[in-house]
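Use these hints to put chain E onto chain X, whose structure you have.
Chains as they are written, first to last, in our numbering: chain X, 30 to 221; chain E, 30 to 221.
Don't read these hints as lab results, they were simulated from the structure.
Predicted model only: the values in this text are computed from it and were never measured.
Each residue gets a CB set at the ideal place from its N, CA and C atoms; glycine is no exception.
One or more hints might be untrue.
For each label pair, taking beta carbons as the anchor points, the in silico distance ranges come out as [what the hints assert, rightly or not]:
#, chain 1, residue 1, chain 2, residue 2, range
1, E, R206, X, D87, 21 to 29 Å
2, X, P67, E, Q94, 33 to 41 Å
3, X, E37, E, R177, 52 to 60 Å
Derived, one-sided and incomplete: chain X residues facing chain E with beta-carbon distance under 10 Å [claimed, not checked]:
#, residue
4, E76
5, I179
6, A183
7, R206
Stretch by stretch, here's where chain X covers chain E in the computed footprint (C-beta under 8 Å, at least three residues) [unchecked claim]:
#, region
8, 133 to 139
9, 144 to 152
10, 157 to 168
11, 184 to 191
So the chains spell out like this:
There are 2 protein chains.
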Amino acid sequence: MPRPSVREDIVVAALKTLHAKGFNGTSVQDITDAAEVPKGSFYNHFESKEELAAVALDRYWQKAQASLSLLADEKTPPVERLKTYFRYLAGIARRGEFRRGCFIGNMATEMPEHSLVLREKLSTLFVTWTQAIDSCVQEAQANGSLRRDIDAAAIASFLLNAWEGALMRSKVDRNARSFAAFEEVVFTALAP
Amino acid sequence: MPRPSVREDIVVAALKTLHAKGFNGTSVQDITDAAEVPKGSFYNHFESKEELAAVALDRYWQKAQASLSLLADEKTPPVERLKTYFRYLAGIARRGEFRRGCFIGNMATEMPEHSLVLREKLSTLFVTWTQAIDSCVQEAQANGSLRRDIDAAAIASFLLNAWEGALMRSKVDRNARSFAAFEEVVFTALAP
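Only chain X is shown next, with the shape it has when bound in the complex:
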C-alpha cells in the first residue's frame, strides 16, 4: 500500500532539488532519490517532471507570498514598503550566498520551449506578483512619494523584471552589488 505522504515527500524534494540543480539538471530519479521513495511511485502521482515542476512552483509561491504582506503593511509609507520588500528579498539571496537565485526566475529562463504547462504557470505567478507590487506603487503615487508620469503597471512590471535581472547577476558576482545598484537607481530615479 503506498504511503499517503509519498506525494508530499516528492513535492518537497522536487522544490529543493529543482531549485538547487535546475529543471534540466534534475532527473525524476534525482527527485525520487531525494524524497527517498521508489522511482516507480513517481508516476502514480505525476504525469511528468513538468507537471511536478508546476506543482513545485505553486509550493514556492505559497511561501514567497507570505512576504507580500511587507508590501501591504499600512503602517509603513508605501515607498518604504517597496524598499523593505526588496531588501528582504536581497537578504534571502545573501543568506544563501547568492547561489540559488529565484526559483521562478530560474524556471522562466530554463523551461523547455515547448512546455505550455510551465509557461502558463510562470505567467500566472508573474501576474500575481506584479499586481502586489503595482498596488504599492499606486499607493505611493497617490500620496505623492513616487513619480506619477509613468504608469504604475509599467513601473511594477519593470521593477519585478529588473529585480530578477539583479538576482541573476548576483549569482555570477556572488555579492550584493547588483542589489545596491537596483536600490540606488530605482529609488532615486522614481522619486517625484
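Chain E only, in chain X's frame:
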C-alpha cells in the same frame, strides 16, 4: 587523421545547442551529434562540457560585441544610442519569437554552482558589457541628457541587469511588453 575543422564544428554546434537547450539540457553527445563528429573526438579538443561552454560564450560575445558599435556611434546623441541599442537587442528577441533569451543570461542562471570556469567567464563578459554601456551613460550625463545624481557605473550595471530581467520575462510572456516597460521607465526616469 582528425579533420582540422572538428574543433570549430564542435564550437559552432555547441553555441547553437547550448543556447537552444541550456547547459544542463545539453549533453556532450547532443553537441557531437549536432556537429556530426564522433563523440570520442570531443575529448581530443575539450576537457569538459564546461570548458566548451566557456569557449561558446566567447564566440557568442564576439558576435554580440559588433552591436556595441551602436553605443559608440558619435554621430548619434548618447541617449539615442542607448535607446537604439536596447531596441536592437529587442529586435533580435522578437525575430526569435522570444524563445531563446540571451545566452549569457541563460548561462548565468543555469551554470552549476561549483563551476568557477563559467562563473569567471560570465563575470568578465558582464564587466566588459557594462563598461560599453557605462561609457555611453557618461557621455549622456556629460552633455546633460541623462540625470547626473546617480553614478554612471550604477546606472550602467542596473540597465544591463534590468535588461536581462526583461528578456527573461519576454520568454514567459512571448511578447515585447517587458521591453516596452523597460524603455518607458528607464528613459523617463533617467531623463534629467
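Hint check:
1. R206/E to D87/X: 21 to 29 Å: 24 Å, holds
2. P67/X to Q94/E: 33 to 41 Å: Roughly 51 Å apart at Cβ, these two residues miss the hinted range, so it is violated.
3. E37/X to R177/E: 52 to 60 Å: 55 Å, holds
4. E76: 20 Å, violated
5. I179: Holds, about 5 Å.
6. A183: Check passed: Cβ of A183/X comes within 4 Å of chain E, closer than 10 Å.
7. R206: 7 Å, holds
8. 133 to 139: holds (count 5)
9. 144 to 152: Check passed, 3 qualifying residues.
10. 157 to 168: With 0 residues in contact (Cβ-Cβ under 8 Å with chain X), the coverage given for the region 157 to 168 of chain E is violated.
11. 184 to 191: Holds: 6 residues of the region 184 to 191 of chain E have a Cβ under 8 Å from chain X.
Hints 2, 4, 10 from the list above are not met by this structure, while the remaining hints are.
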